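So the protein sequences, as listed, match chains V and F.
Per my numbering: the first sequence = residues 1 to 357.
Per my numbering: the second sequence = residues 1 to 357.
Quick caveat, the hints were computed from the structure, so don't treat them as lab data.
Just so you know, these numbers come straight off a predicted model, no measurement behind them.
Note that the Cβ used here is the ideal one computed from N, Cα and C, for glycine as well.
Mixed in with the good hints, there may be bad ones.
Taking lysine-lysine and the DSS-like style, the derived pairs with C-alpha atoms no more than 27 Å apart in a straight line are [as the list claims (entries may be wrong)]: (1) V/K313 to V/K42; (2) V/K95 to V/K42; (3) F/K95 to F/K313; (4) V/K95 to V/K313; (5) F/K209 to V/K95; (6) F/K42 to V/K42; (7) F/K313 to F/K42; (8) F/K95 to V/K209; (9) F/K95 to F/K42.
Selected chain V positions facing chain F (Cβ under 10 Å, derived; list incomplete) [what the hints assert, rightly or not]: (10) Q11; (11) S141; (12) D331.
2 protein chains.
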Amino acid sequence: MVAYIGIEGIQRIVERVGVATFIEGLAAEIEADYRRWNDFDKSMRHAVHSPAGVIELMPISDGRLYSFKYVNGHPQNTSLGLLTVTAFGVLADVKTGYPLLLSELTVTTALRTAAMSALAARWLARPDSRAMALIGNGAQSEFQAIAFHHMLDIREFRLFDVDSQATAKLVRNLHAFQWPGVQFRPCGSTAEAVRGADIVSTLTADKRKATILTPDMVSPGMHLNAVGGDCPGKTELHPDILHRPDARVFVEFEPQSRMEGEIQQMPAGFAVTEFAHVLGGAAPGRGSADEVTIFDSVGFALEDYSALRYLYKLQRQYNQSREIDLIPHLDNPKDLFALLASTATVAATPAAGLASA
Amino acid sequence: MVAYIGIEGIQRIVERVGVATFIEGLAAEIEADYRRWNDFDKSMRHAVHSPAGVIELMPISDGRLYSFKYVNGHPQNTSLGLLTVTAFGVLADVKTGYPLLLSELTVTTALRTAAMSALAARWLARPDSRAMALIGNGAQSEFQAIAFHHMLDIREFRLFDVDSQATAKLVRNLHAFQWPGVQFRPCGSTAEAVRGADIVSTLTADKRKATILTPDMVSPGMHLNAVGGDCPGKTELHPDILHRPDARVFVEFEPQSRMEGEIQQMPAGFAVTEFAHVLGGAAPGRGSADEVTIFDSVGFALEDYSALRYLYKLQRQYNQSREIDLIPHLDNPKDLFALLASTATVAATPAAGLASA
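Given the sequences, and given the hints that come with them, work out the whole structure.
In structure tokens form, the structure reads like this:
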């Protein structure tokens with residue numbers, strides 16, 4: 001039997017923990033895992049691209065636990081009433097190869113992406129940051145707001161989306177929190193939303209080279225959290241922003257980010273810093289209050305490993321374990337056939353309709 | 001919701017179809033898919049090796065459907081009462097990226113490996129083959145016997161395993177079929193089992209360069225089905241067998257087999273034939289009754305794709321559909337947060353024990 005967390009399961013767990021506390025706890029797990037960066041067998045994700053989108057597998061292991069995530073990205077799905085991104089993943093025991101946990105990761109990816117964004121910003125944004133722009137008010141936006149309010153005390157959210165209904169939905173959802181003194185400002189353009197913001201998160205979904213932010217929008221001291229550009233051919237920042245002499249770019253796993261991140265627009269030798277090295281003290285974070293810091297986030301398998309490990313712990317801690325029969329249990333492991341022994345005497349007459357499709 | 005086939009589900013489906021018919025139907029699906037080899041976006045599997053074993057992901061897509069399999073190989077597991085190989089997989093819709101089916105593949109991998117072996121032998125072994133040696137009588141052996149008896153009319157099975165209890169288990173399981181006139185002969189050594197066999201399947205699990213078959217055991221006209229050697233550093237045939245001037249080697253997907261198959265022992269230019277080209281008529285199969293044909297099988301993602309597509313069809317055909325809530329359904333796909341809306345008002349007090357592990 002394998003532990004299972006479905007949509008109902010993640011709802012129950014987050015309800016028990018509280019969404020803000022869940023994100024903060026997950027950020028702590030991600031930080032702990034990034035601090036042991038060299039323990040991990042890291043590889044780029046495996047992607048299958050089609051005209052409609054991408055399907056990816058993201059495996060990683062630290063020699064004790066193994067995890068992978070399945071995740072798709074299909075920007076046109078919303079027009080079909082479907083999610084742009086769905087995901088699930090598995091945590092497994094390296095010693096036996098047996099899966100331990102199968103979990104939904106659609107909701108969890110949204111939580112972990114926000115946790116990672118806020119964790120990076122805690123190290124890279126100016127500590128006095130209080131105003132944040134959210135560009136793109138879709139499925140990820142609430143999670144960003146919760147993470148940044150809770151972990152960085154952001155008190156003003158400046159909002160823009162080409163779909164004003166998405167912004168209205170975001171405001172409605174955030175009002176439910178009744179955060180005292182926190183303001184939500186729907187804006188008429190990206191430029192208006194970004195003006196005066198200390199931190200800017202770009203959370204757009206189009207699978208193309210978009211220019212969500214242009215150089216004129218970026219002020220000294222800003223922290224840019226570029227989340228939406230995460231595929232070959234999918235970017236959000238004008239390259240001149242990356243070229244600014246006062247800008248420094250931070251990434252998760254450099255080989256993957258050179259293929260998928262904003263820096264796919266840059267020459268091969270363009271200098272970037274892996275976030276793990278900032279945590280470990282091997283590389284500096286923000287150098288001054290005037291520097292522009294850019295977290296060129298594409299999402300890395302380690303963050304999903306952390307999330308699965310965290311969920312595995314929480315579902316036991318809160319007695320929320322469910323199991324599915326994904327893997328057999330055998331009295332004699334060399335006798336796999338025992339599972340089908342009752343079928344052995346079934347006459348081998350061809351069943352109707354079994355011909356090749 | 002995603003369709004789900006667990007252990008109970010595969011038992012029910014195989015019981016309804018009959019195990020021999022299931023294997024034959026699956027072989028027909030695999031053949032149909034190999035015949036459209038060029039439709040597939042093929043890649044080598046992603047493997048994470050550890051001292052104890054390997055964990056692999058095997059993705060493939062034909063542009064309409066995508067599948068992947070998770071599979072481990074841990075030879076020491078049986079000493080812990082666990083299976084050497086466990087597996088599960090997913091079939092997904094390329095157009096939306098949504099998973100359609102999550103299925104157990106431990107039992108199914110055993111069925112598909114046997115189906116693939118028998119399919120290849122139908123094209124490569126001498127048509128008058130009636131005697132077969134099964135070297136290694138573990139979890140795969142019953143499935144091989146059923147597939148080869150049913151699909152190639154094999155009437156004599158010559159059995160050897162270093163663990164005589166495994167052989168006794170195999171004989172016991174096969175006797176239940178009561179195949180008229182079919183003989184099972186436990187042998188005292190590999191050499192004895194192979195002597196007089198038309199087809200030899202090697203099904204051993206040790207993760208090392210083993211020499212299960214030596215050149216003196218191989219007679220003209222034999223078909224060797226080398227199944228157990230399927231990892232870097234894991235082989236079963238002495239290289240001189242591959243070097244025989246009268247031998248021809250057939251593989252599934254050449255780049256993967258050069259890394260993982262028996263031919264990892266051969267120089268890079270060693271000639272092999274992809275099985276798909278034999279099916280398509282672009283390459284010859286067996287050239288004469290005296291030729292030694294070697295199917296250097298490592299298992300390819302296409303075979304799991306075929307199996308998942310077949311299972312997806314069968315579970316609907318036999319009204320055996322079950323579903324799990326692995327993926328959310330949303331009225332507004334941009335409002336993922338709606339799933340957690342009830343958690344929004346939970347006070348964000350730190351929960352006990354949520355600190356990083």
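- Task: Sort out which numbered hints this structure fails and list those numbers smallest first.
- Result: none
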